[in-house]
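S.K.: Here is what each chain is made of, one letter per residue.
There are 6 protein chains.
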Amino acid sequence: MLGMLNVIVTDPPRADLADVDKLATYGVATVHEAIGRAGYLGPQLRPNQQGTRIAGTALTVVCWPGDNLMIHAAVEQAKPGDIIVITTTSANGDGGFGELLATSLASKGVRGLVMGAGLRDTQELRDMGFPAWTAHVSAQGTVKETPGAVNVPVSLGGQLIRPGDAIVADDDGVCVVPRLEVPAAVAASEARIAKEDASRKKLAAGELGLDLYNLRPKLAGVDYITYAEYVKRSGEGL
Amino acid sequence: MLGMLNVIVTDPPRADLADVDKLATYGVATVHEAIGRAGYLGPQLRPNQQGTRIAGTALTVVCWPGDNLMIHAAVEQAKPGDIIVITTTSANGDGGFGELLATSLASKGVRGLVMGAGLRDTQELRDMGFPAWTAHVSAQGTVKETPGAVNVPVSLGGQLIRPGDAIVADDDGVCVVPRLEVPAAVAASEARIAKEDASRKKLAAGELGLDLYNLRPKLAGVDYITYAEYVKRSGEGL
Amino acid sequence: MLGMLNVIVTDPPRADLADVDKLATYGVATVHEAIGRAGYLGPQLRPNQQGTRIAGTALTVVCWPGDNLMIHAAVEQAKPGDIIVITTTSANGDGGFGELLATSLASKGVRGLVMGAGLRDTQELRDMGFPAWTAHVSAQGTVKETPGAVNVPVSLGGQLIRPGDAIVADDDGVCVVPRLEVPAAVAASEARIAKEDASRKKLAAGELGLDLYNLRPKLAGVDYITYAEYVKRSGEGL
Amino acid sequence: MLGMLNVIVTDPPRADLADVDKLATYGVATVHEAIGRAGYLGPQLRPNQQGTRIAGTALTVVCWPGDNLMIHAAVEQAKPGDIIVITTTSANGDGGFGELLATSLASKGVRGLVMGAGLRDTQELRDMGFPAWTAHVSAQGTVKETPGAVNVPVSLGGQLIRPGDAIVADDDGVCVVPRLEVPAAVAASEARIAKEDASRKKLAAGELGLDLYNLRPKLAGVDYITYAEYVKRSGEGL
Amino acid sequence: MLGMLNVIVTDPPRADLADVDKLATYGVATVHEAIGRAGYLGPQLRPNQQGTRIAGTALTVVCWPGDNLMIHAAVEQAKPGDIIVITTTSANGDGGFGELLATSLASKGVRGLVMGAGLRDTQELRDMGFPAWTAHVSAQGTVKETPGAVNVPVSLGGQLIRPGDAIVADDDGVCVVPRLEVPAAVAASEARIAKEDASRKKLAAGELGLDLYNLRPKLAGVDYITYAEYVKRSGEGL
Amino acid sequence: MLGMLNVIVTDPPRADLADVDKLATYGVATVHEAIGRAGYLGPQLRPNQQGTRIAGTALTVVCWPGDNLMIHAAVEQAKPGDIIVITTTSANGDGGFGELLATSLASKGVRGLVMGAGLRDTQELRDMGFPAWTAHVSAQGTVKETPGAVNVPVSLGGQLIRPGDAIVADDDGVCVVPRLEVPAAVAASEARIAKEDASRKKLAAGELGLDLYNLRPKLAGVDYITYAEYVKRSGEGL
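Residue numbers (the working numbering), protein chains in the order written: chain A, 1 to 238; chain B, 1 to 238; chain C, 1 to 238; chain D, 1 to 238; chain E, 1 to 238; chain F, 1 to 238.
Don't read these hints as lab results, they were simulated from the structure.
Some hints could be false.
Claimed, not checked - Think about it this way: if two alpha-carbon atoms lie no more than 25 Å apart in a straight line, the pair counts; the simulated PhoX-like pairs of lysine-lysine are:
| id | chain 1 | residue 1 | chain 2 | residue 2 |
| --- | --- | --- | --- | --- |
| 1 | F | LYS195 | E | LYS108 |
| 2 | A | LYS202 | C | LYS218 |
| 3 | F | LYS108 | D | LYS218 |
| 4 | C | LYS218 | B | LYS144 |
| 5 | F | LYS144 | D | LYS218 |
| 6 | C | LYS195 | C | LYS22 |
| 7 | A | LYS144 | B | LYS144 |
Working from the sequences, and respecting the hints, build out all of it.
M.R.: Following this line, the structure appears as structure tokens:
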């Protein structure tokens, strides 16, 4: 959590959805590399489904641990194309999000969920096609008592996420692209896709990455030795 | 582990299977909420399969770490409708349960496994349709040396489980309902299902949880502000 | 990591592929038990796919954390039938392996990946049928700067893996069999399979493991008591 | 958490303090062994100080995560000789206990704290001599909103703790002894201390545990071999 | 990591040191509460020493995992009164900071270290009086190859830290106060200290927190019952 | 665990104690760097005391989880100058080592303990001056049932440890030096100490590591910019 508490911001600017939709076609690893190995929210956010790739604009939420009051407040602020991004003021894995909240958000055109806390109704969410990336799965119920914030900057997985930033998510995890950098990210991702397509063909044909990426100079200090030589040098059986 | 060691209780009372079967139709999250947000065994018990929901009566086992002797002793006590619940005297993730033990238990009418230790033969268990929820997956073999207990009270995931208690398990995890509270849990779950069905229809139609659950008074101290106002107050770019 | 750094061994001896192929048919749990409950690389190495069982010869790699330079160097040493086994000099979960490297290795006849670090492009790898067992999933990109080693002994999951050792992997994890012990492992696994087939039939028919494995003497100090007796002895309600 | 919520039990029976005080002189490892390797709350409960050994009667508390309301309610129920034992309905590490609560409890004669959640003011607590064993250290503040329970049975570290049970704590962790078993635990601990004193003298004089505990028969299947023989058998350099 | 890579910012504005020095006298828990339960970097940052409380201005660093090149670059930017705050682009625990770097920083007037990665030379650092709060202790050496950044915004423990922000650290962990909010934090902390002093006296005299903080209305739904009544209601022995 | 089970090797060659004693004077971080950033057993092995630095020859033990039988068997093989190194066949944190075993080993001239499992009697061990580095602290008792091995190669913390190898341990953790490489490690450590002494003087005098280690070329692609320029480029407030 980073931003102010006890506020709900009602009209944050959002990244252009046409650009955001393009990010979904590239996927998390490509976008992350294209923007300078940045924006990845880390390995702890795991998908609740397999084979789904989405992008959307961040609708950010700050809850207290074990309390999902502000998710309800966030629904009212949701816009079509949003992905809801839920954080807690301190680490918590309780199951504050399930199928009823997903039904409510889906009715507003929200595309999915990214959350540091816990998910419940996991099978129901797969059945209804509401994709989710969360750090925990838990049936543990929560209270609705203490206000937090909606649409303020939040921190999740070591990244800063502002409302309206672009979120990309697939089986590799979740990546954030700052709103103002989305057009550049689209261009850089396109370029990377083209380059990787060319590399893939060469590698499939047997060309070595050592040559394709000109890596042999980095191996300057490395000895290529035979098995017999290794056994002699190391004193080990191999 | 909680109960006495070096005993095997041969005839514990069990929850009524007709009631227990109803619990399976509600699922873990619903039952947990219906009985007062109680009984959930926590997020570390994960299913070995996807999309299976069962309920049964607890056949409890206490093993020593890395030792599965007492699981064999428990098979003899198994009754149709049981779910075997295996704990260790201290934390251990070794693979003390696999396909042969499942074959043995299935022949007695046991419906599945809940275990704090490790599972092996995971694909075989999916193939034979024996569902399992465990804290670990591991091929590590175990010994059969030191006696523990069967059908004594055990502790798993912060819950007390007595033999004959009702166990519910699905993709969200595992929940225990004390034997004497099962009829009340059935009634409370039925009521909750009915209430959630009504809520789901309203939420799908766009009604807000803020209104449906009367949450706006809890947001009394929260300011609704514009983006421009947030930037001014916080001193941040948004 | 165990072996010397800054060396690439070019021609290590490898286990016979005909023997190695047999190990794949037995699976990890069986081979691990057959060779004396040895060789299991532990529960942290999880499959990226479900239902795949492979075996191959180890092509070992030592990388620095967050650096995948040596994987490229290893491709040049790859032989048909290999499984690439990647370790880091210290714990690291970054996504140093993805679909392009898999394409390159597949073109050399490499059968799969075992890695202590992180995997990216997880869906693409499933789509292309390149199986992987890793301790982490991560989109985090890596650099290509610092040399390590190829085909030296490595340590992963508490096991020593030498180049050319046999690797078996399935949904239960990964097991290593030292090159010189592969023929004996084949024989011992065959014997175990036969014995388990016989046991399975008896257990399915209701024979107890207590009798089949002659375990009752191990329960000599255990009291079989009724529920009423337990309540009396323990002072608890049951 | 195990017991009912929304209740405060006002007068639970407590173990005799004269017996409880004896348990402090034996320490956790001895008492745990003496009562049959039972009652240990596990390695995650660490002392906030070094070299302190206490015992007392359990004053149990159930809080919601991130909420310390019920600790205040528990102070009113505190009796001289108590150790407060605080659990949460789901896993939480926030800093719900600090120096002001310790001041309040110390004024009632409470001897220390055992808690699954987080501790703050750690230096101040050492300075004032209020010993604490907790699973977390955290400065994160908590709310005071949702009622839980006082003096109901709780589960912590896999053990059941009822109000009035004896708690022993030192640098090795925390152990619970059920109230009715305290006199037997005192006797068994005394016997164990005497036996260990005798063993210590013999071991210090060079007698082997193999002989003292008659363990050589357990090594019946073990080969004593020379280094040269091991190298030959294993095919390894040693 | 949050800010741009491959830049070193040479003259960020810093919080006033006179104000910062006052924060050290209040400590982490007090400042965190005073600024609205904000700014705490979480329980994973542990002190390398006991009983030290400091505050300073953040000198921020972004390193790659297993690479400490940018710490050397940061020394050149250090100013008296700084605390160096080191993050990595992805999670890493290697020992990139030890006694030589501390010597270098101490010569510039730097007051201490906060780091997500690993610390080495822990005893030497205690001996020389250079305080450190880190997520890991590790002797594992690092390379010096890949540039990151100095004095850009960083994320650590879920908080945003900008260069020149105030850092407070003691045995409870680490707290950040944004540069522009430092004067207000001083005032709020003073007020909290005064209030806590008054509360402490009352609590020590036996007044209950329930009354002092007017918490009894929050317990409206709670039943005060006797032990006998609890046994009856719950069906348990107590 | 790596070596054969069910064997006790009675007379492994050991590193020369005069050399080993020198390693203790350099410490873990220095020796690890001097031998090529190798041999470190990782951050999970923590000291039970503060400020102690020792070295000795490895007396290796393989136990089953929750079983300390082989530690007793190892005492008989102990030689003056040994450090006992205890592993388990699978991960286990139980308290299999305490003050009585330390008494027994101390009577043989053993210098300390390195163990992947759990330690008990922690205060007593500090009081008697028997240093220990373990992955866990636990009072949980163990059985003495299943044979393992003594003085075979073991794996701990990703390193291979053969009996007679040199072990160095201090507050930074534990490092192993292969027996045959000990003389070279002594020479390399001496050289490193001398070089670090020279560096320390220069750094204390204010010379920058950037210049001392010639690191400026590695920063070739980095921009040094003012705060004003950063704000302009990044679009953020700083």
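S.K.: If a hint holds in the structure, say so; if it does not, say that too.
M.R.: Cross-check of the supplied hints:
no.	hint	in the structure
1	LYS195(F) x LYS108(E)	holds (22 Å)
2	LYS202(A) x LYS218(C)	violated (63 Å)
3	LYS108(F) x LYS218(D)	holds (23 Å)
4	LYS218(C) x LYS144(B)	holds (8 Å)
5	LYS144(F) x LYS218(D)	holds (8 Å)
6	LYS195(C) x LYS22(C)	holds (17 Å)
7	LYS144(A) x LYS144(B)	violated (49 Å)
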